[in-house]
Every structure is written in structure tokens, then in C-alpha cells.
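Using the sequences and the accompanying hints, generate a full structural model.
Residue numbers (my numbering): 1 to 142.
Hints listed in this document are in silico derivations from the structure and should not be mistaken for laboratory results.
Heads up, a few of these hints could be off.
The calculated label-pair distances, taken between Cβ atoms and stated as ranges, are [claimed, not checked]:
no.	residue 1	residue 2	range
1	Arg81	Ala59	30 to 40 Å
2	Ala75	Phe114	50 to 60 Å
3	Val119	Arg97	27 to 37 Å
4	Glu89	Thr111	52 to 62 Å
5	Lys102	Gly122	25 to 35 Å
6	Thr76	Leu96	36 to 46 Å
7	Arg81	Ala104	26 to 36 Å
8	Glu89	Glu69	26 to 36 Å
9	Arg132	Ile93	51 to 61 Å
10	Ile72	Asn109	48 to 58 Å
Cβ coordinates follow ideal geometry from the N, Cα and C atoms, glycine included.
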Amino acid sequence: MPDYSPTSSSYYTPATSPSETLYNTDNRIRFAPRSAITDDIVILDRRNVQKWQLDMASARAEGATNQLEACIYTATRELDREITQIHSEMNAILSLRKEDLKRAQRRHNQTLLFCVLVVLVGVLGSWVLQHRGKELFELFDY
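Here it is as C-alpha cells:
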């Protein structure tokens, strides 16, 4: 295997195989390419495999997290749209109820005014009959 020290020129070259992309400059773990594994190479350190498994699990977890974040964003946007729609429907219902209340109030006021007028006409008629009743009956007799 070539020397991968920080001073060698190949240290700065980009990785060419997926196994080499797992190289971490902090702990200097590197996998041997599959084509380089022969009977002469014996893996004594299990950290290489564990690091690869950890990277794979981390990638799956990150993918699931990204998918969940996208789902949460979509669900939040859909809920906001539904809340806005419900709010506008409630405003329309509220305005209709206000109009109905105004109509009912007008009807109530008209009925009350009619009753007051009937009572006033009754009082006026009774007063006229008490004070001028004889004269009115004499006028109708002719």
C-alpha cells in the first residue's frame, strides 16, 4: 500500500473508490480496496469494519431523518393551508350570521313598532270615543 502520510502527494488526491471515501483524517482509518485483498493480507483490527458499519448506519439514519424532515415540512404546509381555508370558511359563516342577526333585529324592531302603533291607535280611539263619541255617532246616522 502506498504511503498516505500528510507529506506525500497522494494524500491530497481525491478518493477513487467508495472504500477510500470513508477515510477520516482524524483517526486515519482506511479500508484496503477489494482488489488488494489477498491471502497475504490479514485484517487484525476490527475497527475498519466497525467504522464502515457505523458509516453505513449513519448514512441510513441521515437519509431517514432527511425524509422525515421533508414529510414534516409537507404536512405542516398542508395543515397551514387547511387552517387558512377553515378560517376563511368560518369568516364567511360569521358574516352570514351577522346579516341574519341584523335581519332578525330589524324584524323585531318592526314588530315592536307595529305593536306600539296599535296601542297608540287604540288609546287614541278610546279617547275619541269617550269625548267625541256622541258627535261621531250622530254624523254616521245621516
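Consistency of the hints with the structure:
1. Arg81 with Ala59: 30 to 40 Å: 33 Å, holds
2. Ala75 with Phe114: 50 to 60 Å: 58 Å, holds
3. Val119 with Arg97: 27 to 37 Å: 33 Å, holds
4. Glu89 with Thr111: 52 to 62 Å: With Cβ atoms ~33 Å apart, the hint is violated.
5. Lys102 with Gly122: 25 to 35 Å: 30 Å, holds
6. Thr76 with Leu96: 36 to 46 Å: Check failed, 31 Å falls outside 36 to 46 Å.
7. Arg81 with Ala104: 26 to 36 Å: Holds - the Cβ-Cβ distance for Arg81 and Ala104, about 35 Å, lies within 26 to 36 Å.
8. Glu89 with Glu69: 26 to 36 Å: 31 Å, holds
9. Arg132 with Ile93: 51 to 61 Å: Cβ of Arg132 to Cβ of Ile93: about 57 Å, so the range 51 to 61 Å holds.
10. Ile72 with Asn109: 48 to 58 Å: 54 Å, holds
In this structure, the hints that do not hold are numbers 4 and 6, in rising order.
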